[in-house]
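S.K.: Using the hints, position chain B against chain A.
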Amino acid sequence: MSATQDEVHPKSGAAGAAIFAGSDSHRYNYYEPKGRKATHYEDMTVDVQPDPKRYLLQDWIISFADGTPTYYEGWTKAKSSDWHKFRAVDQEWERTHYQRQSTIVGMLNNVIENGRRSGAPKRFDRAWVKVLQDHLGAYKHAEFGLGTSMMQAQRYGYTQMINNAILTNSSYKLRFAQDLTLYLSELALDIEGLDLDAGKQHWLEDPIWQDTRRAIEAIMGASDYLEQYFATNVIFEPLVGELFRSGFVMQVAAAQNDFITPSVVSAAEGDYERNLANTVEMFSILVQDPAHGEQNRKLFVSWAEMHGKLANAAAANLQPIWSQPRVKVAQFTEAFDQAKNRLRAISAEIGFDARAIIGD
Amino acid sequence: MPDGLTLNKITAQRGISVGEATRRVADLGWTPSYVQEAMTFPTDYKIKKSPRDPMKQVLRSYFPMQEEKDNRVYGALDAALRGDMFRNVEPRWVEWMKLFLAIIPFPEISAARSMAMVGRLAPGEELRTGFAMQMVDEFRHSTIQMNLKKWYMENYIDPAGFDITEAAFGKCYATTIGRQFAEGFVTGDAITSANVYLTVVAETAFTNTLFVAMPSEAARNGDYALPTVFLSVQSDESRHIGNGHSLLMSLINDPDNHLLLERDLKYAFWQNHAIVDAAIGTFIEYGTTDRDKKKESYAELWHRWIYEDYYRTYMLPLEKYGIKIHHDDVGAAWDRIVKHNYVHYTAQFFSVGWPVNFWRIEAQTEKDFEWFEAKYPGWYAEFGNYWKWYKKLSAPGETNILFNQDTGYVYPHRCWSCMVPALIREDFCYDEVDGQIYTYCSDICRWTHKTAFSAEFEGRPTPAMGRFSGRREWETCYNGWDLADAIKDLGFVRADGQTLIPQPHLIFDDSKMWKLDHVRGHTLGSPLMHFRSLTPEQREVAAAEYRKGFKINAIN
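So the sequence lines, in the order shown, correspond to chains A and B. One rule links them: number in this note's numbering = place in the first sequence (from 1) + 46. One rule links them: number in this note's numbering = place in the second sequence (from 1) + 892.
Next comes chain A alone, as it looks inside the complex (with noise of 0.2 Å):
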């Protein structure tokens, strides 16, 4: 302590030391938590972005030239009672983030280097490393578009919950897609004619993939930030990415003398399922919303029907790459099932009807 205070100053600075009005208020009190005591997520999170409607007494104090404030409800189409209700059901802050994502690249890390080193990419079957350049190679462009496009995303949100829960969608895609990139890179080092320059190829392409590139264009084109997130993880995820990830490579793979590839694309599975239960958590507050509740659920079904069309349209096409592999495991048509049935699911959660984009 310093020689500037005088007897009435205790001896330490630390918690306790004096007893005195506000003494023991050792918690964030300007929130109402979302449970009984406040979570470490929600002290980091919970109002660091300002609200004229909470905190923010002179408002906003910088506009965009029409007048649009630095933050603005209108962003989205969505309306609601209380946007600051939504918390990420991940719970991700910072330390959270990085040790997940840490571990997901040491995983892969060990998997692809124990993998080399035991020769295994050698005995890939034949026509599965072609499939692996083609079409996993294609695959990781829509993984790199669905990225930037919530990099994109995470601007707009009216809270900082909304807006950390994209951001760390983003960081996930953005590592799956440098994922696939590398892994493909350093199976190019042990096979070879392993051609890295053919995946953009058949993105660009090959009529297998156009479809999905259009679905993906039509995310990344989106100017309604919830609509991005709506469409990537509603519907695109279930209908498209989890039936080529899961659907196919994670079913296939072995088959084809290969354990390297489903270890590294089950990183991306596992961030899926979390991105997923943020996005219901979001959608379902939005359809129960006590004032605006029916006028979102048919906003959802709009984006559903105009995503889930292209969506569709884009797994359909992609039903050749299932005959491709020379040992058979998985039927297209199966996983299909699937996929539809999970996205039925996912609606049921959150609260729409999802019959006109996969039937009965």
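Hints listed in this document are in silico derivations from the structure and should not be mistaken for laboratory results. Hints are supplied without guarantee of correctness; some may be wrong.
Derived DSS-like pairs (lysine-lysine); straight-line CA-CA distance at most 30 Å [to be verified]:
| hint | chain 1 | residue 1 | chain 2 | residue 2 |
| --- | --- | --- | --- | --- |
| 1 | B | LYS1283 | A | LYS57 |
| 2 | A | LYS99 | B | LYS1380 |
| 3 | B | LYS938 | A | LYS57 |
| 4 | B | LYS1380 | A | LYS80 |
| 5 | B | LYS938 | A | LYS246 |
M.R.: Okay, now just chain B, sitting in the frame of chain A:
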């Protein structure tokens, strides 16, 4: 084990090079042909050249690197508690952290949001990974700072003020400058805000005073947590500086961009100076108890980091691209700090306003006076009496300086541009914009509002440029309010409903602490509303009087 056999030899295998990895990752993007990406954030700049990525890092190496940095930070926080850091910490210092840490997480997360803007605008994909990493970095900074603040709140003797932190951030007059800073990163022309204001100026120049100079002062005051967290934060900044410079280089070769770049460098440098030097200068000079005359003053730190490091090695080389650098502004900022007492007037202003703060400010003492006089000759004659008055009036029930006619203090006008008051009185100016009168701290701030934030700049249409908005003068919000009612409305009252969160001393004893009744009976007023109510002739007289300044009366 055979000779020469090492673990490396057993485990090594051929991998892809960093150059190959970044080249492959940069090839993930494509030009959409079915649906065009919505160009949602406008800019008046033309970006024809794809920026290059100077850092060549991929997410596979980024995440483990960041996790390792985090492990060190959190390990250090645990060690600080085990070492009983708070027993020896200086409350004078920690109190200012209530203000600093209320402000900084929002600018940080705003920087994450701004990556959406430059990520969409920059052609090519090479820098996309750099922007993505910066986005996640800023998410790191915002939440790691919230964590640090929570940690102070849980372990420091007086948690009041930390406990209301984000509510206080939205309401306090002092946090307005932080909101101006943060909104400046994400609103208006996307290149002006996300590239020039944020990266080229704030991160490249002023994070050195924020995140390097300030942690050093924290350590001198027994706070080892702030340096641990903020030097880790600063270690991310070099990548951000690289991103900003790379995008700047992709703009600068097009002469069509030069006029806008000159405008934005001028605005951004001056406003960063006005905001950051006001806040960080005060924290470093007035939040410390270390009066070692061998340590650098804020002015000396500024000369090292801003003048030598930034101006001479970053700004000046831009001239070779044909950009006009505003040398005079750099000189004027330096003069404001060393000749015109900018930091000292700011500290005076913060302390005058103590009842509407949410942290404690104690009086400066003889030991402090001696240091200030050694570092800033003439300081004592200008500020000695003020701090003596402050000490005298720190007992509950005394009349606050703001309302005490005996002191001679005159409350300042607020600058409509940088939001810091017009503290260097001789530089005060005002102007009419869109039919309304506004006040400014300096002619450059007047220019910023009237000329830079406008639909046209030197004859060139600038439809993307932002506008100043909102109730920018804080005092307007409480014009005519009783001080006690304003404090209640702000929420700056402790749990007993009576005792103020702010106190003009560091005495942790209920009997010495101010309560609402001690401040009741004084009415707050808006200088701007009053100024606008004058006739043009009266305004000119009032401005001339204001520019004469004031003299603090001697204290008996």
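S.K.: Please go over all the hints and tell whether each is borne out by the structure.
M.R.: Taking the hints in turn, this is what the structure says about them:
no.	hint	result
1	LYS1283/B x LYS57/A	holds (21 Å)
2	LYS99/A x LYS1380/B	holds (18 Å)
3	LYS938/B x LYS57/A	violated (61 Å)
4	LYS1380/B x LYS80/A	holds (26 Å)
5	LYS938/B x LYS246/A	holds (28 Å)
Comparing the model with each earlier hint shows a violation of hint 3 alone; every other hint is respected.
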